[in-house]
Amino acid sequence: MNQAIGKPINRVDGRLKVTGDAKYSGEIPLENIAYGVIITSTIARGRIKHIDTSVAEKSPGVIGIITHLNAPKLYARPNFGHEGAAGEKLAPLQNSTIYYSGQAIGVAIADTLERATYAASLVKVDYEVETPLTEMGKERDRAYPIKKFVEFTVDFALGDAEGEFAKAAVKIEATYTTPTEHHNPMEPHATAAVWEGDCLTVYDSTQYIFGMRQGLAKMLGLPEANVRVLCKFIGGAFGCKYGMWAHTPLAAIAARQFRRPVKIVLTRQQMFGLVGHRSETEQQIKLGATPDGHLTALIHQGISQTSIFDEFVETFTTTSRTMYAVPNLRTAQSVVPLNKGTPTIMRAPGESVGTFALESAMDELAWALKLDPIELRLRNYAEVHPARQVPWSSKSLKECYALAAEKFGWSRRTPEPGSMRDDRYLIGMGMASACFPMEHFPASAIASISADGSVVVQSGSQEIGTGTATVMAQVTADVLGVPVEKVRFEFGDTELARSPGTVGSGTAASVGTAVHGAAKAVRAKVLELAQKDPNSPLYGVPEPNIETSQERIFVKNNSAKGETYQAVLARHNLQQIDANFDAKPQEEEEFAKCSFGAHFVEVRVDPELGEVRVTRIVGAFAAGRILNEKTARSQISGATIMGIGMALHEETITDPHTGRIVNDNLAEYHLPVNADIPPIDVYFIDEVDTHVNPIGVKGVGEVGLTGMIAAIANAVYHATGKRIRDLPITPDKLL
Amino acid sequence: MKPFSYVRATSQNTAIQGVADRQSAKFIAGGTNLIDLMKVEVAQPDRLVDITQLPLSEIEINSDGLRIGALVRNSDLAYHPEVRSHYPLLSQAILAGASPQLRNMATVGGNLMQRTRCYYFMDIAAPCNKRDPDSGCAAIDGYNRIHAIFGASDKCIATHPSDMCVGLAALDARVRVSSSNGDRIIPIADFHRLPGDIPERDTVLEQDELIIAVDLPNSPFAKNYHYLKVRDRASYAFALVSVAAALDIQNGTIKAARIALGGVAHKPWRAFVAEDILVGAKPTEETFTAAATATVSDAKPYRHNQFKVEMAKRAIVRALMNATEQS
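Note that the protein sequences, when read in sequence, are chains A and B. For the first sequence, the positions run 4 to 738 when the numbering used here is used. For the second sequence, the positions run 76 to 402 when the numbering used here is used.
Take these hints with a grain of salt, some might be off.
As the list claims (entries may be wrong) - SDA-like, lysine to any residue: derived pairs with alpha carbons at most 20 angstroms apart: (1) Lys-141(A) to His-379(B); (2) Lys-736(A) to Lys-77(B); (3) Lys-114(B) to Arg-619(A); (4) Lys-77(B) to Thr-270(A); (5) Lys-141(A) to Pro-420(A); (6) Lys-127(A) to Lys-77(B); (7) Lys-141(A) to Arg-378(B); (8) Lys-528(A) to Glu-554(A); (9) Lys-61(A) to Leu-125(A); (10) Lys-114(B) to Arg-271(A); (11) Lys-736(A) to Ile-656(A); (12) Lys-523(A) to Lys-559(A); (13) Lys-77(B) to Glu-117(A); (14) Lys-20(A) to Met-189(A); (15) Lys-736(A) to Ala-309(B); (16) Lys-52(A) to Glu-117(A); (17) Lys-114(B) to Leu-125(A); (18) Lys-736(A) to Thr-178(A); (19) Lys-725(A) to Phe-382(B); (20) Lys-736(A) to Phe-382(B); (21) Lys-633(A) to Val-21(A); (22) Lys-114(B) to Ser-62(A); (23) Lys-564(A) to Gln-589(A); (24) Lys-725(A) to Thr-180(A).
Keep in mind that the hints were calculated from the coordinates and are not lab data.
Construct all of the structure, not just a fragment, from the sequences and the given hints.
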């Protein structure tokens, strides 16, 4: 029965994407569309004294300009962590206050994009400027502590960590800093709003259509039933398309005011400021250990940035409460409000930068103890979840270490820093652990079989490029015993069954469970029809004795005794038979659930010029059942590349005086290019996890990023003897 | 982007006339820099004169060297057999810059006219003497990691972003320009300016002057050369520091030397003092270090770019070592 799941089949939408036939949100053809261009503040703190739209309004093709002076009332939404949340708790254009540079202060609407762009540039703004708070380090006195953020308890204590650290035989104490980063998906945020009477349809590039529907309805003061959100394809998201940002409600109010569809596509510059970012962090780690390398204390604390008007926490201490067996554990975080936008989730929020600190510190400890970094990790292997003291649903981290180390050739590494060379270059090898919690959200799906034998399975959901549409077809195909090509997964529409946001690496588990349940339910319906039908070869055959395979239903081990789905439907004069399923996460807390992995990295460092090149990456991951080996591998590879960027390249720089982002483009905000990316070998450990969900999936979207940065930093240390605790590791830091 | 008119010039004269009568008219060829600047309103020409139809796309070999038409694409120049065999330093420099897609569009003349990547020049909300004369310089007290360590002024600390021009500087190129007053030849060392009190002027070109060609004299530097670029990522990043190094080594002695630096000044920075030290000396690491040390002795870094001094020094040594090893 299990034929499709796990297979490395190609994406079902691959051809559409590479040929350009896939229509993204900004490309949906809509009649009489008008174009909106958002006007943003050039100061980071103060007030709009005067805004003059008179010249802009007379500009050719202009339909109208909306500012705080003429915008309709919008109802603010809470920010991250609530249903129907906005990216920021700040309804756009409601008053003249400026909290950050790049804040939306108006929108120009015209008949073409060029004319709207020009009109936006003609709006003159006179500000009352106040000195912005821009530097987290300088404003640390304003930090306030966080008990809990969303579901994450960050203020945590187990045993007496400070006391045991003070007594520890071996101590590591270090501070790690990571910069502000922006998501920069290839596709910028795009939205198109269409009104029919009091009903609004929005084509939006969003990771959460149902959240967007609720958020929009509440912000606009509409019943939710009046709002429909569609999203067929997304050109990358990484978290910045989860919450609702200003452009979507602005398109909606402009479309309503000017009585025609309005489209807004953000510029690349606007992607730096209007749609969130990963906060900078300053993290302190203290590790206490026995001389033989057993951790006695782990303290992880520090600060991150939030905006003046919102609370968002980059939860960088999460993995420190999960990763190692340590009896005395303390985590604490504070946030510093600055005149910057509200940070938001960005792939492995917290875990990515948190594991940079934790896994670097473990490397420092390994070196202090003269222990192999893998051996140190094995000596502190957590057989149960250290903070919760519950067993793991499954954990194959030891197998990950062993397999990746072998494939990488870790045994060839000479431990002394600077001891490996290739001509004038220093070679370094580093490793780190990876860990990301399994997320499971409620989701629903409907599966249907048609008279022609084709299968459609539907769930709202979103395809952010992970392969969701492909793996859902695979799950369905196996339940029904049909080829994948016979199954179509329909998604991206709030008219379909309700599903969660595509976040937390949770879609395969959540929507997958719903799809699996719906497929089983529709299969059961067909089987029941056959079982009760004297004309069916399966009449009276009990369900456990029935097999479905090759588009047929038949008696187990006797494929001749059976029939096709079509035959059953035809005999009952049915055009279609369908069934829905509401999947809920298991409530019980008897298990801790995480995907795990191990990264091994080789770098080549130019000792005189400071340039670092990653030359080899091997990783092994255990994430429950892998639904599609190819798309799963792509997820890990993509996260790995993001890790290279965070380790070596990415940094958003804000001018300290003005609070403006200075490198708001892809020439100066450095992401890894092809030349920076070495061969990446990804291995999966087979895992059967019966505790997580009926399909045994733990998620692969983010685990590949956790630990990756530290693996590179550890390799750089091994190459050079220089411990870089401040990202990114640019050439100047290694001179 | 502001509205502008667009004309396609059919002859050199009409092209020149097209910009001569107004300050806000500009030539356009590949557009790889100008269009970007127009999108962010840093450049606001009201007329673009497209010169891509002019017959300036030839590379001619003559007894004096090479004449490169102003419209020759960067990629065509880098891969031209004559350039690869006789001016390989230039080929290396060009291929160190931008990306294949950009090099396929960008022209030689346009590359000479590239504008700085200074963050504050690129942001119309920031003061910038280069973009908006007498408005101030936000970079001096701002974030200046990518800025100049040589030849800056209290008005401007921007750098020139080109790699190709650094190669041309080392090869003593001459820029041929044409205007209604006739033609003139500008040595590459004089073509780009230091900012001084008028940072708004990147080059010595007058409004109505059109670059028609770049001449390369016969070169003894086809054997011992190296273009070294230190950058934040492996490709598609502007130089933190780059070095074009060329040596003419005869019987173990340096007969002629050329060193030019990129990413460190408002123009490609010829290290004449280093060249003087090298000529007549043996090509050893000690000599190279002395030349490099002398070059950076008058460097004036700012808060965030102090590393460039040491980096430039090491890059000069490395480039010279690589140039020497090439033979």
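Here is what the structure says about each hint:
no. : hint                     : in the structure
1   : Lys-141(A) to His-379(B) : holds, 18 angstroms
2   : Lys-736(A) to Lys-77(B)  : violated, 41 angstroms
3   : Lys-114(B) to Arg-619(A) : violated, 39 angstroms
4   : Lys-77(B) to Thr-270(A)  : holds, 16 angstroms
5   : Lys-141(A) to Pro-420(A) : violated, 35 angstroms
6   : Lys-127(A) to Lys-77(B)  : holds, 15 angstroms
7   : Lys-141(A) to Arg-378(B) : holds, 17 angstroms
8   : Lys-528(A) to Glu-554(A) : holds, 15 angstroms
9   : Lys-61(A) to Leu-125(A)  : holds, 10 angstroms
10  : Lys-114(B) to Arg-271(A) : holds, 11 angstroms
11  : Lys-736(A) to Ile-656(A) : holds, 16 angstroms
12  : Lys-523(A) to Lys-559(A) : holds, 17 angstroms
13  : Lys-77(B) to Glu-117(A)  : holds, 9 angstroms
14  : Lys-20(A) to Met-189(A)  : holds, 13 angstroms
15  : Lys-736(A) to Ala-309(B) : holds, 17 angstroms
16  : Lys-52(A) to Glu-117(A)  : violated, 28 angstroms
17  : Lys-114(B) to Leu-125(A) : holds, 14 angstroms
18  : Lys-736(A) to Thr-178(A) : holds, 16 angstroms
19  : Lys-725(A) to Phe-382(B) : holds, 16 angstroms
20  : Lys-736(A) to Phe-382(B) : holds, 9 angstroms
21  : Lys-633(A) to Val-21(A)  : holds, 17 angstroms
22  : Lys-114(B) to Ser-62(A)  : holds, 18 angstroms
23  : Lys-564(A) to Gln-589(A) : violated, 38 angstroms
24  : Lys-725(A) to Thr-180(A) : holds, 16 angstroms
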